[in-house]
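Keeping their order, the protein sequence lines are chains A and B. The first sequence runs 98 to 567 under our numbering. The second sequence runs 98 to 567 under our numbering.
If you are wondering where the hints come from, they were derived from the structure by calculation, not from laboratory data. It is possible that part of the hints are untrue.
Unchecked claim - Here are the in silico distance ranges between beta carbons for each label pair:
#, chain 1, residue 1, chain 2, residue 2, range
1, A, D327, B, S418, 43 to 49 Å
2, B, D223, A, R131, 44 to 50 Å
3, A, A233, B, S198, 31 to 37 Å
4, B, D223, A, I419, 38 to 44 Å
Said to hold, decoys possible - Selected chain A positions facing chain B (Cβ under 10 Å, derived; list incomplete):
#, residue
5, N204
6, E299
7, S314
8, F340
9, S343
10, G519
11, S523
12, G527
Model, not experiment: these values are computed from the prediction. Using N, Cα and C, we set each Cβ at its ideal position, and we do this for glycine too.
Protein chains: 2
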Amino acid sequence: MNNSAFSQSLLDKLGPEAVITTPADIAPWLSDFRGMYKGQAQAVVRPNTTDDVATCIALCADARVPVVPRGGNTGLCGGATPDTRSDNVILSLDRMHAIRSIDTIGNTLVAEAGCILGNLRRAAADVHRLLPLSLAAEDSCQLGGNLSTNAGGVNVVRYGMTRELVLGLEAVLPNGEIFHGLHTLRKDNTGYDLKQLLIGAEGTLGVITAAALRLYSRNDVRVIVLAAVDSPQQALHLFELLFERSGPRMQAFEFFTAECVDMVLAQTDGLRQPFADRHPGYVLIELADTVDEASLRTLVETVIGEALERELCADAAVSESIAQVNSMWRLREEISEAQRADGPHLKHDVSLPIASIPAFMASVGERIVKQQEGIRQIVFGHFGDGNLHYNLSRPLGAPRDFFAEHGARLTAEVLDEVMRYGGSISAEHGIGQLKREYFSRYKDPLDIRLMREIRKCFDPHGIMNPGKIF
Amino acid sequence: MNNSAFSQSLLDKLGPEAVITTPADIAPWLSDFRGMYKGQAQAVVRPNTTDDVATCIALCADARVPVVPRGGNTGLCGGATPDTRSDNVILSLDRMHAIRSIDTIGNTLVAEAGCILGNLRRAAADVHRLLPLSLAAEDSCQLGGNLSTNAGGVNVVRYGMTRELVLGLEAVLPNGEIFHGLHTLRKDNTGYDLKQLLIGAEGTLGVITAAALRLYSRNDVRVIVLAAVDSPQQALHLFELLFERSGPRMQAFEFFTAECVDMVLAQTDGLRQPFADRHPGYVLIELADTVDEASLRTLVETVIGEALERELCADAAVSESIAQVNSMWRLREEISEAQRADGPHLKHDVSLPIASIPAFMASVGERIVKQQEGIRQIVFGHFGDGNLHYNLSRPLGAPRDFFAEHGARLTAEVLDEVMRYGGSISAEHGIGQLKREYFSRYKDPLDIRLMREIRKCFDPHGIMNPGKIF
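Start from the sequences, fold in the hints, and give me the full structure.
Structure (structure tokens):
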């Protein structure tokens, strides 16, 4: 069937509200938000029911037409951008944004995949519950994308990745069948846990249409500590102390270097050096609890007092107001934007066994500098999860296309070192198109073989998001 | 190859310390601890390295000999008991009981599958950490069995199932290849999360040889509440209040009926009615924290005071001493043993959406009584996870073999009702042999088909724990 006949069959079955076929209207759907990838498609389909998703995929399966699922288009690896085949169908679930139920006894939220994450967080808060998944893009990313990339974010140290929040899934498989796994059960040991395959599969095993998520108690009492550290090693010991003493209250433990702060201050108005002295590194710790601000504050002040006395940090400030909480967080949150404003750069989203972060940072730093003098290492991340955004900005004065020539070589330096320390080349961003080559280079061949076989089980004709991951 | 030639090849490759072939020595390995199932085997293999496990399985794969993995033999569904084929090889990892590492910065414990769970808990406690998996059999069950059945236990309401504790796995696949997934990373989004398939697979996809587990902060401060409730509905509202107020401190929320207490008091010395009046139901709540007993106690007393005032419970006692903690827990923990002492009975380990427990209990109770007057319903469980042990004891005066005639019919009543409420027929015990028939009756055919295909990918010759799950 040619493209126009196939597009017509989509229109016939799903109606004009659900199918876009005009090239001008398709155009905005063809690239990722950073503009790194651009592909082609014959149609964009925007169904508003699970049955219509199934109808669309069944048609595509019959005609062997590739399906490229797309969420809020906030991904960093091109996982939701079509390749250059002209017959691609982009499948967006943005019209499926119903919250099907919220249960404050079972503490579950059942929502459709097109829901904006921030809306779900607010819906939970409205009934005095917490949906703990929180990330920079939360007001534009969609739940389906969060699930398909197993999104991380700032509270993983306490609540785990997206995977840990999922109790059940509804999905359409690559042959158009509906997987009815939308349970809200906390315990269900009846065979293999199939939903786990769909989480983090980047749309290669089917399209998630809805999920049942765990909710937690709301933590309205919150205290932030900003601490200065002389070294990553010192940050480790501070982490250890906080973990022991504050137990489950610690919900973020972020790290960034002096170079990150310099870049933020250079690119952002209204912020200033956090301490009188400039320190090699900084740690931002967020603690939160359901009740009793005074006890939380006493606990934090006692622990930080001990940390200063035992020289587990060089300086520290405890937030006294919401304004302080916000300005402390801004120092951390503005890093990505400041680096973008500074110009082209290279992102590495890696993870490591936490205890090996200092040795890793020392050795990779040495390798990078040996390769390229003057390169600026902008290192920050979710230290408490072992997750570093080990980013590089070009040497001052280097041309804007610096990384076109040097990027691959520098990335190899970083990732080789990650593997030497038993780390992961993609902590929370996934593989998509961007890291496909690295995936095949670094992942155990046995794992890749098993993944290929599983993918073939689910999708014998290879129509689901072809070219992504592997 | 006949059995004796094959057993000889195992002996030749693995040595006499690792291979048992004498029928008298094999005999104790052929049944489950309750004596419900009994099978046959030509040999028991007890390797002490992962390479030897791989050698054993590769030999079995080549000769198409079935492999039956066995942990501490504490399972309740016959999942580790061989069938009646004479060529079965039982594979026990009890000699692989090394703790490979404990890391108090990354908060991970890497241990071999033959480790006794209780020993791992003590090893974690020794370095001021908590391994939160806790269950009645913890001093005899093995980690490999816990992983393969995705064990639950009493602290799931706070820490999740075994699955939630696993960061990495090492396993031998059904062709003898070693799966090297023993990472300690908190974040790793590089393709499908293959280890999730092995967790809860009851040894059908390979043999887990070691795991990397999450550790938590130690909660040395602990307060128990025993509350009397007029109905399961009241227990629900009490749960809701505790969840909101105590946040992550609540680590157990157990429920049992007056009939459970009667049975415990009839069969056990040294315990007495917990309150002056007999109440229809009881709830045992455990709260724990890292620090500050006084604050935890104040919090609990305030919340329980409010619960009494709002009539969310009929009576309540807060533990004042370790002795009280222990005697409160004993009331709950002795139920299984009391029911065993009372005579033959029928176990149902089911789960439900938490909010539907009261309606479920009312309707299934009515069905059961209609089917069989005088039947004793011994209902208890991990209410905060929606997990009920909906057990039945025979009518007073009924013959010991009562359930041989009536068991299947009564089980069908319970499980039909579980499905009607969107529950699970096996919350935490798994399927094994015991629930195979119910699995095929109640599980979605699409799920079963996908599981069959995945099993075939991993184990094309069907040698791993045949006859288990499906």
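Taking the hints in turn, this is what the structure says about them:
1. Distance hint check: the CB atoms of A/D327 and B/S418 are about 46 Å apart, consistent with the given range 43 to 49 Å.
2. In this structure the hint that B/D223 and A/R131 lie 44 to 50 Å apart at CB holds, the actual value being about 49 Å.
3. One distance hint, 31 to 37 Å for the beta-carbon pair A/A233 and B/S198, holds here, with the actual separation near 34 Å.
4. Separated by about 41 Å at the C-beta atoms, B/D223 and A/I419 satisfy the suggested range of 38 to 44 Å.
5. Of the supplied interface hints, the one on A/N204 holds, with its beta-carbon coming within about 7 Å of a beta-carbon of chain B, less than 10 Å.
6. A distance limit of 10 Å between C-beta atoms decides the matter here; for A/E299 the minimum to chain B is near 9 Å, and the interface restraint holds.
7. Restraint check, A/S314 versus chain B: the minimum CB separation of about 4 Å is within 10 Å; hint holds.
8. Checking A/F340 against chain B: minimum C-beta separation of about 6 Å stays under 10 Å; hint holds.
9. Hint status for A/S343 relative to chain B: holds, with the closest Cβ pair at about 7 Å, below 10 Å.
10. At about 7 Å, the closest approach between the beta carbon of A/G519 and any beta carbon in chain B falls short of 10 Å, and the interface hint on this residue holds.
11. The beta carbon of A/S523 comes within 5 Å of a beta carbon in chain B, closer than 10 Å, and the hint placing it at the interface holds.
12. At its closest, the beta carbon of A/G527 sits 5 Å from a beta carbon of chain B; the interface hint therefore holds under the 10 Å criterion.
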